[in-house]
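Asker: Okay, here's what each chain looks like letter by letter:
There are 2 protein chains.
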Amino acid sequence: MTVGDIERLIHLLARLPGLGPRSARRAVLQMIKRPETLMLPLAAALRQAAENILTCATCGNLDTANPCAICRAPGRNAALICVVEEVADLWAIERSGAFKGLYHVLGGTLSALDGRGPEQLNIGSLIDRVERARGSEAPVVEVILALGTTVDGQTTAHYIAERLGDTGVAISRLAQGVPVGGELDYLDDGTLSAALKARRPA
Amino acid sequence: MTVGDIERLIHLLARLPGLGPRSARRAVLQMIKRPETLMLPLAAALRQAAENILTCATCGNLDTANPCAICRAPGRNAALICVVEEVADLWAIERSGAFKGLYHVLGGTLSALDGRGPEQLNIGSLIDRVERARGSEAPVVEVILALGTTVDGQTTAHYIAERLGDTGVAISRLAQGVPVGGELDYLDDGTLSAALKARRPA
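Protein chains in written order, with our numbering: chain R, 1 to 202; chain L, 1 to 202.
If you're looking for bench data, these hints aren't it; they were derived computationally from the structure.
For clarity, every value in this text was computed on a predicted model and none was experimentally measured.
Warning: the hint list may mix true and false statements.
DSSO-like cross-link-like pairs, simulated, lysine-lysine; straight-line CA separation at most 30 Å [claimed, not checked]:
hint: 1; chain 1: R; residue 1: Lys100; chain 2: R; residue 2: Lys197
hint: 2; chain 1: L; residue 1: Lys100; chain 2: R; residue 2: Lys33
hint: 3; chain 1: R; residue 1: Lys100; chain 2: L; residue 2: Lys33
hint: 4; chain 1: L; residue 1: Lys100; chain 2: L; residue 2: Lys197
Isolated chain R (complex conformation) (with noise of 0.2 Å):
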């Protein structure tokens, strides 16, 4: 193919996480059928998500005001703090409904591996903002720390907790146990484990 255009659209789609060169012919080919319908509506979506999307200095969710939308929402409880490794789950939590506190994003996990120390992440600012709270007519009460079940999320949940110790927040973590909607069968040892663990009377 010598056409510089679509190649190029090509190339780029293809280094979107889910997409491989195939599927993003596929993408491109489908698009190029009705260009006024998507493929303008998204080059406008792009261009304006890429100069207005902004980091919120408070909580580090993306939107397009700072500080965010939650972080400004005037009905949400600011005595609970849910801390999360990404954007996106921020997001998830946000779609379950579940959840009317405010957020922590630390933007990944301390991992020893990878050579991510407590100052790559967002975890100073955390401390900063329940110790700044502490004196203030709002304090925070409760930090749910809400990181994966991998060993880099519970080490990073340990060291959180040790590092939020002197500030006496209640610290939380999410429940572990069988998913709802789960079928024992299909559930790895280390979850039947867990829930086992933690049953509670019926």
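Please arrange chain L on chain R, whose structure you already have, making use of the hints.
Answerer: Relative to the frame of chain R, chain L by itself:
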């Protein structure tokens, strides 16, 4: 989520084949980390493609020029026309590097189920093209029916072979080696090359 820009972008990306809402979200989060290197170039490439890409009036290929680069290329053998279902198939054959003739893109196959008859496909233009070349100094010598080995693909091949019967051109098909039920776009280059080289009279 109330972030309009981000949500709209995810919604549009999720409409691409191969990307669902979840992978669209991942793609957006990755892009936002580097707007200058991926997001803005992708926006520009999409707009450029939407504005510049044309369908070749001769063969049905997509290009930024009409006639397309393949139809205009001086080194190619105009005595050979390779008939394919979709532009994706043309690209697949071009990638194999095994064919140096010209193409004709049908835009699909005949299909009783989907109610697609000959008038919905570029079959008339193929017959015209062969007929017009007949008296000229560059007659078409052979038409290669490179259609999928699906029922619809083979029906279409039969139909075209019949319509071309009076023109006196040789008609060939890709050699067996194309897996039954397979689509050209998913074939590896080696199989495509072998099938082209071993083509047989229809």
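Asker: Each of the hints needs a verdict: does it hold here or not?
Answerer: Going through the hints against the structure:
no., hint, in the structure
1, R:Lys100 x R:Lys197, "29 Å, holds"
2, L:Lys100 x R:Lys33, "27 Å, holds"
3, R:Lys100 x L:Lys33, "27 Å, holds"
4, L:Lys100 x L:Lys197, "12 Å, holds"
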